[in-house]
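Student: Residue numbers (this note's numbering), protein chains in the order written: chain P, 1 to 109; chain V, 1 to 398.
Take these hints with a grain of salt, some might be off.
Claimed, not checked - Partial selection, computed: residues in chain P whose CB lies under 7 angstroms from chain V:
#1 Pro4
#2 Gly37
#3 Phe38
#4 Thr40
#5 Tyr59
#6 Leu61
#7 Asn63
#8 Val70
#9 Glu77
To be verified - Simulated restraints, written as ranges between beta carbons of each label pair:
#10 V:Tyr386 <-> P:Glu53: 21 to 31 angstroms
#11 P:Leu54 <-> V:Pro30: 39 to 49 angstroms
#12 P:Glu46 <-> V:Glu198: 48 to 58 angstroms
#13 P:Val41 <-> V:Tyr386: 25 to 35 angstroms
#14 P:Lys90 <-> V:Glu273: 29 to 39 angstroms
#15 P:Ile100 <-> V:Glu198: 46 to 56 angstroms
#16 V:Asp332 <-> P:Glu53: 39 to 49 angstroms
#17 V:Gln335 <-> P:Leu54: 17 to 27 angstroms
#18 P:Val72 <-> V:Gln335: 36 to 46 angstroms
Keep in mind that the hints were calculated from the coordinates and are not lab data.
Just so you know, even glycine gets a beta-carbon here, dropped at the ideal spot from N, CA and C.
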Amino acid sequence: MKAPLGTLYGARSGDKGGDANVGVWARSDPAYGWLEGFLTVERFRELVPEAAELEVRRYELPNLRALNFVVVGLLGEGVAASTRPDPQAKSLGEYLRARIVDLPEDLLP
Amino acid sequence: MTAEPLRIANCSGFYGDRFSAAREMLEGGPIDILTGDYLAELTMLILWKTGGYARTFVRQMEDVLALALERGVKVVSNAGGLDPAGCAEAVRALNTGARVAHIEGDDLRDRFPDAVTANAYLGAFGIAEALDRDADVVVCPRVTDASLVVGPAAWRHGWKSEDWDALAGAVVAGHVLECGAHATGGNFAFFQEVPELEHPGFPIAEVAADGSCVITKHPGTGGLVSVETVTAQLLYEIEGPAYLGPDVIARFDTIRLAQVGPDRVGIDGAQGERPLPTLKVAINELGGYRNSITLVLTGLDIEAKASLVRRTLAPRLAEIEGSEWRLRRCGDEAQLTLTVKDREEAKVGRAFSAAVVELALSSYPGFYATGPPGDASPFGIYRAEYVPAESVEQRVVM
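Let the sequences and hints guide you as you build the complete structure.
Tutor: Spelled out as structure tokens, the structure:
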């Protein structure tokens, strides 16, 4: 069923120098199982067009039911030099949660 | 070793965080240590521009240090910034009778002559030493954020440098605490489930002798401490499962979280590994000067209006080293932002913004800007460098 990713998943994003990170966590074990297969680096790049041309690294933290994505160079030379409206990528997580994706019906509340 | 966990509170997640949090944490219930984080990568540059250390910390101490002493609570913060000695002196000048220590050794500007700031991320053992020497207040410069928690825990529980797992557990606790209300429901994706988010309490970590901890907050405060609010903060500004630090590599893929009571989340299982032989150094260089102006475009022909402005200013921008346009559309309105950068302040100063404002009666219909023409401001370029850990010596000054 088409619904925002954020229906089932939380996210938090921030900066480390010129890189941004966005951690995405699932609210249940089955939802993490689906996320692990769904949210590949390719899919992440599709959902976040700003990252399409950038190196994206994905890390798995199953003990936290979470994936972490690092978008290399999204913020240029760091928060002070960046001309991005959100130079510390604070809103990247909320942007990602608002993307409409095809969520499995049986996971939805 | 004592079996009692050490109750470590946080009262600041950044320079500019809630002023009253220091008092709230002291008055809201029993704590042993009050910590505050004031330093981000950007803050070092701000302190370079404005001078020295985080001044709000000294004002907070003016407000609460007597109370902290009375309750036997020790204060550990990185408010020292670029001038820990000056910050410590300002705290001493409050005449509370507190024993104030500060830490030095992070400032590596002599090795990076082009940098305006160059600070190695120091570890926790200087803080532990200062507490051992009976300091009431420890003013740190650029220690890692987590060290503010690891140092007091190592001091209380007598940890040595190779107690990797215990140190890793405290690093996890420190990472959860370092951003203040980020751990207690602030900035939380499911914010509508958080009670009284109008005024969330700041977090507390009860760190046990084995490095495990319980994250909580004072009773009766707003916000929420749940497995999810803690998870959210654990994911903040991290890279992979190996969380690097000067004292230990904390494996974030080994920890387990459990709700052990209302607003109480237990974290255990942390495994630690020997740290890298290098220390990270946060470097800011002065990149030049920049200025920015935003024009509002309304109604019809947005693209054509933007195009007219761009064509008009193109000759002037050709004389400037860097410029960037951003058009953000929102319904019937759009904001066209022009940012310019140059090593010469005069090229992007008020003369530049005045040149844009000159278009007010002579360009697209409905012209207005979101603010008055402004001056250029200096901007920094951040990068990380690495130096051999043994080349950096941490010193405690009482």
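Student: So, against the hints stated earlier in the document, which numbers end up violated here?
Tutor: Per hint list: 1, 2, 3, 4, 12, 15, 16 and 18 violated.
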